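Enquirer: What follows is each chain in one-letter form.
There are 2 protein chains.
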Amino acid sequence: MITKNTITRASRYLRVLKNLRSLGFVRVYSPNLADALGLTPAVVRKDFSLLGMEGRKKGGYLIDELIEHLEHLLGANNPCKTVVVGCGRIGRALIESQELRREGIQIVAGFDIAPPPPEEQGEVPILPMDEFESIVDKEGIRVGILAVPSHAALEVFERMRAAGIRGFLNFTTVELKCQERCPHGCENRCVIHQVNIGLELETLFHMVHITEQRPELLKE
Amino acid sequence: MITKNTITRASRYLRVLKNLRSLGFVRVYSPNLADALGLTPAVVRKDFSLLGMEGRKKGGYLIDELIEHLEHLLGANNPCKTVVVGCGRIGRALIESQELRREGIQIVAGFDIAPPPPEEQGEVPILPMDEFESIVDKEGIRVGILAVPSHAALEVFERMRAAGIRGFLNFTTVELKCQERCPHGCENRCVIHQVNIGLELETLFHMVHITEQRPELLKE
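Note that the protein sequences, when read in sequence, are chains Y and Z. For the first sequence, the UniProt record's numbering assigns the number 1 to the initial residue and increments by one for each residue that follows. For the second sequence, the UniProt record's numbering assigns the number 1 to the initial residue and increments by one for each residue that follows.
For the record, the hints were derived by calculation from the structure and aren't laboratory data. Hints are supplied without guarantee of correctness; some may be wrong.
Just so you know, same-sequence chains aren't split out, so a pair can sit in one copy or run between any two.
Cross-link-like lysine-lysine pairs, in silico, PhoX-like; alpha carbons within 25 Å at most [stated by the list, open to error]:
no., residue 1, residue 2
1, Lys4, Lys138
2, Lys177, Lys46
3, Lys18, Lys177
4, Lys46, Lys4
5, Lys138, Lys46
6, Lys58, Lys81
7, Lys138, Lys18
8, Lys58, Lys4
9, Lys4, Lys177
10, Lys46, Lys81
11, Lys58, Lys138
12, Lys46, Lys58
13, Lys58, Lys177
14, Lys58, Lys18
15, Lys4, Lys18
Remember, it's a predicted structure, so these values are computed and weren't measured experimentally.
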């Protein structure tokens with residue numbers, strides 16, 4: 001059975017493999033990928049086996065074959081079209097990010113309850129919320145970014161789900177969950193990634209504190 | 001032995017517990033916390049036991065005791081002072097975030113190779129890089145946010161490390177690692193959290209694709 005962690009790693013393998021190919025490499029060995037991603041070679045081999053990818057005897061893995069297999073499996077040839085709901089500072093930073101664009105992420109539109117006037121619009125339009133459903137439907141959007149104030153998170157999440165969004169990148173501090181009996185027929189299959197910057201920072205403070213003040217707790 | 005995952009969950013427990021206390025709750029049971037954080041009660045009890053927290057027979061856990069214990073363990077009473085290096089769109093969004101401020105994160109300053117002129121400065125100053133070391137030293141900063149363009153990531157990471165930063169929230173796409181033989185005497189004890197928005201989105205596309213097109217792969 002493939003877990004979410006395996007798929008997350010598969011996305012990272014694909015990135016590294018494409019970099020290696022662009023450098024002229026033809027084959028790769030599990031310890032190389034393990035080094036690049038901070039894993040053990042055993043994890044890499046286990047993942048590859050789960051994902052149905054086989055190496056050659058003593059010859060490692062052929063990069064072209066791996067990329068082709070992973071792209072087919074992960075649907076990586078589809079354009080990555082997405083929308084941002086909530087265009088405050090974080091939402092706008094994402095909409096205007098050249099780095100995301102370079103990585104093949106196409107943000108089709110932003111949505112906000114108070115969109116800016118035409119003269120303040122950028123390359124990616126920021127539209128009023130009442131155009132949300134029609135754009136999602138027309139463009140076939142399945143993945144959305146939620147960057148509204150936290151008090152509005154649940155209501156907007158429900159609306160996005162009702163419109164057909166199934167993958168969520170959640171920048172609010174609310175821990176969203178896919179309810180077991182989903183009224184939108186998604187059968188508990190929404191995928192939600194939480195990006196909680198405040199919590200990440202807090203955890204870093206805690207980790208640094210424990211590493212420096214209580215290192216014995218971290219020792220085996 | 002406490003792992004990074006336990007500490008991450010400890011930070012989340014602390015957040016939930018403070019919310020519960022503010023609602024007037026006095027005690028809490030492991031299944032409540034499990035529900036709130038999407039865990040199993042067994043994981044909660046295991047964590048609590050590792051962290052040295054004990055329940056009362058049939059009485060659950062006393063919230064005040066848990067908070068006091070966790071705050072002591074995690075150093076959560078220290079002010080969470082941090083800096084942002086790289087003040088492009090993402091960096092500025094973080095610096096100006098009211099939500100982070102409300103969560104008790106104090107961004108002391110931003111740093112950039114091209115800081116804005118005095119009349120364009122906001123509440124948090126954006127300073128030139130050559131003031132970085134002195135501010136970090138003066139304010140005793142141990143945790144920093146890295147939001148420079150990816151091509152500058154390694155160089156800036158090294159500079160932050162040399163200045164004494166030990167916890168990193170890394171918004172670049174470069175997977176930073178603490179080298180085994182660190183020249184800055186940090187003894188391989190830096191803590192690095194990666195926030196790779198492009199990769200998160202890619203993984204979401206892949207998860208949604210597999211959930212919809214190849215659900216058999218995800219079944220047990």
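Enquirer: State for each hint whether it applies.
Expert: Hints, one by one, checked against the model:
For the homomeric pair lysine 4 and lysine 138, neither the shortest alpha-carbon distance inside one copy (29 Å) nor that between copies (43 Å) is at most 25 Å. Only between protomers do lysine 177 and lysine 46 lie at most 25 Å apart by alpha-carbon distance; the minimum there is 23 Å, versus 29 Å within a single protomer. For the identical chains of this complex, lysine 18 and lysine 177 are inter-copy neighbours only, at 21 Å across copies versus 33 Å inside a copy, given an alpha-carbon limit of 25 Å. Proximity of lysine 46 to lysine 4 under the C-alpha cut-off of 25 Å is found in both arrangements, the shortest distances being 14 Å within a copy and 23 Å between copies.
Within a single copy, lysine 138 and lysine 46 get their C-alpha atoms no closer than 40 Å, and across copies no closer than 48 Å, so neither meets the 25 Å cut-off. For a Cα distance limit of 25 Å, the shortest separation of lysine 58 from lysine 81 qualifies neither inside one copy, at 40 Å, nor across copies, at 51 Å. Taking CA atoms no more than 25 Å apart as the test, lysine 138 paired with lysine 18 passes in neither setting, with 31 Å inside one copy and 44 Å between copies. For the homomeric pair lysine 58 and lysine 4, neither the shortest alpha-carbon distance inside one copy (30 Å) nor that between copies (36 Å) is at most 25 Å.
For the homomeric pair lysine 4 and lysine 177, the shortest alpha-carbon distances inside one copy (15 Å) and between copies (23 Å) are both at most 25 Å. With identical chains, the CA atoms of lysine 46 and lysine 81 are never at most 25 Å apart, being 31 Å at best within one copy and 41 Å at best between copies. In the homo-oligomer, the alpha carbons of lysine 58 and lysine 138 never lie at most 25 Å apart, since the shortest distance is 49 Å inside one protomer and 55 Å across protomers. Proximity of lysine 46 to lysine 58 under the C-alpha cut-off of 25 Å is restricted to the intra-copy arrangement: shortest distance 17 Å within a copy versus 43 Å between copies.
For a Cα distance limit of 25 Å, the shortest separation of lysine 58 from lysine 177 qualifies neither inside one copy, at 45 Å, nor across copies, at 29 Å. Only within a single protomer do lysine 58 and lysine 18 lie at most 25 Å apart by alpha-carbon distance; the minimum there is 22 Å, versus 56 Å between protomers. For a Cα distance limit of 25 Å, the shortest separation of lysine 4 from lysine 18 inside one copy, 21 Å, qualifies, whereas the shortest one across copies, 30 Å, does not.
The earlier numbered hints that this structure contradicts are 1, 5, 6, 7, 8, 10, 11 and 13.
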